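K.L.:
Spelled out from the first residue to the last, the chains are:
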Amino acid sequence: MLKKLHEKNGIQLGIGLVIGIIFGFLLQKGGVTKYDVIIGQLLLTDFTVVKIMLTAMTTGMIGVHLLRSLGIAQLHPKPGSLGSAVTGGLIFGVGFGVLGYCPGTVAGAVGQGSLDALFGGVVGILIGAGLFSEFYPKLEKRILSRGDFGELTWPQLFRVNPWVIITPVSFGIIALLVWIETSGL
Amino acid sequence: MLFTCEGEEVCPMDFLKKTQWSPYVAGALMGMVSWFSVLTAGKYLGVSTTFVRTSGMIEKIFAPERVATMPYFIKERPIIDWQWMEVLGILIGAFIAAKLSGDFKRSFIPPMWKGRFGLSRFKRWIVAFFGGVILMFGARMADG
Numbered sequence: 002m003l004k005k006l007h008e009k010n011g012i013q014l015g016i017g018l019v020i021g022i023i024f025g026f027l028l029q030k031g032g033v034t035k036y037d038v039i040i041g042q043l044l045l046t047d048f049t050v051v052k053i054m055l056t057a058m059t060t061g062m063i064g065v066h067l068l069r070s071l072g073i074a075q076l077h078p079k080p081g082s083l084g085s086a087v088t089g090g091l092i093f094g095v096g097f098g099v100l101g102y103c104p105g106t107v108a109g110a111v112g113q114g115s116l117d118a119l120f121g122g123v124v125g126i127l128i129g130a131g132l133f134s135e136f137y138p139k140l141e142k143r144i145l146s147r148g149d150f151g152e153l154t155w156p157q158l159f160r161v162n163p164w165v166i167i168t169p170v171s172f173g174i175i176a177l178l179v180w181i182e183t184s185g186l
Numbered sequence: 053m054l055f056t057c058e059g060e061e062v063c064p065m066d067f068l069k070k071t072q073w074s075p076y077v078a079g080a081l082m083g084m085v086s087w088f089s090v091l092t093a094g095k096y097l098g099v100s101t102t103f104v105r106t107s108g109m110i111e112k113i114f115a116p117e118r119v120a121t122m123p124y125f126i127k128e129r130p131i132i133d134w135q136w137m138e139v140l141g142i143l144i145g146a147f148i149a150a151k152l153s154g155d156f157k158r159s160f161i162p163p164m165w166k167g168r169f170g171l172s173r174f175k176r177w178i179v180a181f182f183g184g185v186i187l188m189f190g191a192r193m194a195d196g
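Chains as they are written, first to last, in the working numbering: chain A, 2 to 186; chain B, 53 to 196.
If you're looking for bench data, these hints aren't it; they were derived computationally from the structure. Predicted, not measured: the structure shown is a model, and the values here were computed from it. A few of these clues could be false.
Claimed, not checked - Below, simulated DSS-like cross-link-like pairs (lysine-lysine); rule was C-alpha separation at most 30 angstroms, straight line:
{"hint": "1", "chain 1": "B", "residue 1": "LYS112", "chain 2": "A", "residue 2": "LYS9"}
{"hint": "2", "chain 1": "B", "residue 1": "LYS95", "chain 2": "A", "residue 2": "LYS79"}
{"hint": "3", "chain 1": "B", "residue 1": "LYS95", "chain 2": "B", "residue 2": "LYS112"}
{"hint": "4", "chain 1": "B", "residue 1": "LYS127", "chain 2": "A", "residue 2": "LYS9"}
{"hint": "5", "chain 1": "A", "residue 1": "LYS79", "chain 2": "A", "residue 2": "LYS4"}
{"hint": "6", "chain 1": "B", "residue 1": "LYS127", "chain 2": "A", "residue 2": "LYS5"}
{"hint": "7", "chain 1": "A", "residue 1": "LYS79", "chain 2": "B", "residue 2": "LYS166"}
Stated by the list, open to error - Covered stretches of chain B (in silico footprint by chain A; criterion: 3 or more residues with CB under 8 angstroms from a CB of chain A, positions within the stretch not fixed):
{"hint": "8", "region": "118-125"}
{"hint": "9", "region": "150-159"}
{"hint": "10", "region": "165-178"}
{"hint": "11", "region": "181-192"}
Quick reminder that beta carbons are idealized off the backbone N, C-alpha and C, glycines included.
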């Protein structure tokens, strides 16, 4: 039944819009569409971003793995490599700190009226995407394919049942959040 | 009932009108959104590919033949798909959230930037622009 729903392209566009509206609503209410909140996190003076991300990750992880265990959802791990994740991650971080929004929150920031996110951010992001598409074939050959590890997940790496990872990771994150909260951050 | 709460003890509208929610409530609800996204669309919440598709759409206006042969636009075709609509939705959802709380305002420079770097809009936008270029180049290198 769900498989059939996934193949209906027109309905999928509508579902995408609804999911996005709820997600954007939550991003704004959480405060993470704001430059000051994001930069505050990078300066370690405001821990809103970490709190939201860790809570969302844990909730998402447990639910999605339950759905997977029930056989009604699949994981889609992206193939990765050291060359792509390490270099890309470092470059992304520099841009993130300079812009003060990520690609998701920049859309939300435009929605709440932040014009620096629109004229500065979105325009720069589109040019960055265009620039990357020019260099893609060369980068792919020289950097992105280095240290390829394919579609590897943590449970596969350790050859264990996914719940053996999910359970301690969830408790670890909860402990970290309790610590952040009690230390007044 | 959702829009007027006279005499009601718990008013859902008051909650929707709040400027900022607890990060744990917002975060947990975002995690739940990801469940529904996986169930109804088989998709995980993502954003950056949409900017690649959009940049392809814009380039296509000027050089359609070239875009059609570029390997990256063959991999990520310049079309409107599920994620494109999701990103549009994020913008609309944030707009609704900000409007409900009165948090919506046309702002040219973020307050923290103003305090540190002053009132020049041009300065903020040019820095944001280059930040965006670098951020997206890195994001695409890491395929995220």
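K.L.:
LYS95/B and LYS79/A were given as a pair; does the straight-line alpha-carbon distance stay at or below 30 angstroms?
P.N.:
holds, 12 angstroms
K.L.:
Count residues of the region 150-159 of chain B with a Cβ under 8 angstroms from any Cβ of chain A, then say if the count reaches three.
P.N.:
holds (count 7)
K.L.:
Are there three or more residues in the region 118-125 of chain B whose C-beta lies within less than 8 angstroms of some C-beta in chain A?
P.N.:
Coverage by chain A holds here, the residue count being 4 at a Cβ distance below 8 angstroms.
K.L.:
Hey, LYS95/B versus LYS112/B, does the alpha-carbon distance stay inside 30 angstroms?
P.N.:
Satisfied, since the Cα-Cα distance of roughly 27 angstroms is no more than 30 angstroms.
K.L.:
Between the region 181-192 of chain B and chain A, see if three or more residues pass the 8 angstroms beta-carbon test, and mark the coverage as holds or violated.
P.N.:
Holds: 12 residues of the region 181-192 of chain B have a Cβ under 8 angstroms from chain A.
K.L.:
At least three residues with a C-beta closer than 8 angstroms to a C-beta of chain A: is that true for the region 165-178 of chain B?
P.N.:
Per the Cβ count (5), the hint holds.
K.L.:
Within a Cα-Cα threshold of 30 angstroms, do LYS127/B and LYS5/A meet the stated pairing?
P.N.:
holds, 25 angstroms
K.L.:
Do the alpha carbons of LYS79/A and LYS4/A lie within 30 angstroms of each other, as the hint requires?
P.N.:
The hint holds at about 21 angstroms.
K.L.:
Given the proposed pairing of LYS79/A with LYS166/B, does the C-alpha separation stay at or below 30 angstroms?
P.N.:
violated, 39 angstroms
K.L.:
Holds or violated: LYS112/B with LYS9/A, Cα cutoff 30 angstroms?
P.N.:
holds, 27 angstroms
K.L.:
For LYS127/B and LYS9/A, compute the direct alpha-carbon distance and say whether it is at most 30 angstroms.
P.N.:
It holds: about 22 angstroms lies between the C-alpha atoms, which stays within 30 angstroms.
Hint 7 from the earlier list is the only one contradicted by this structure; the remaining hints agree with it.
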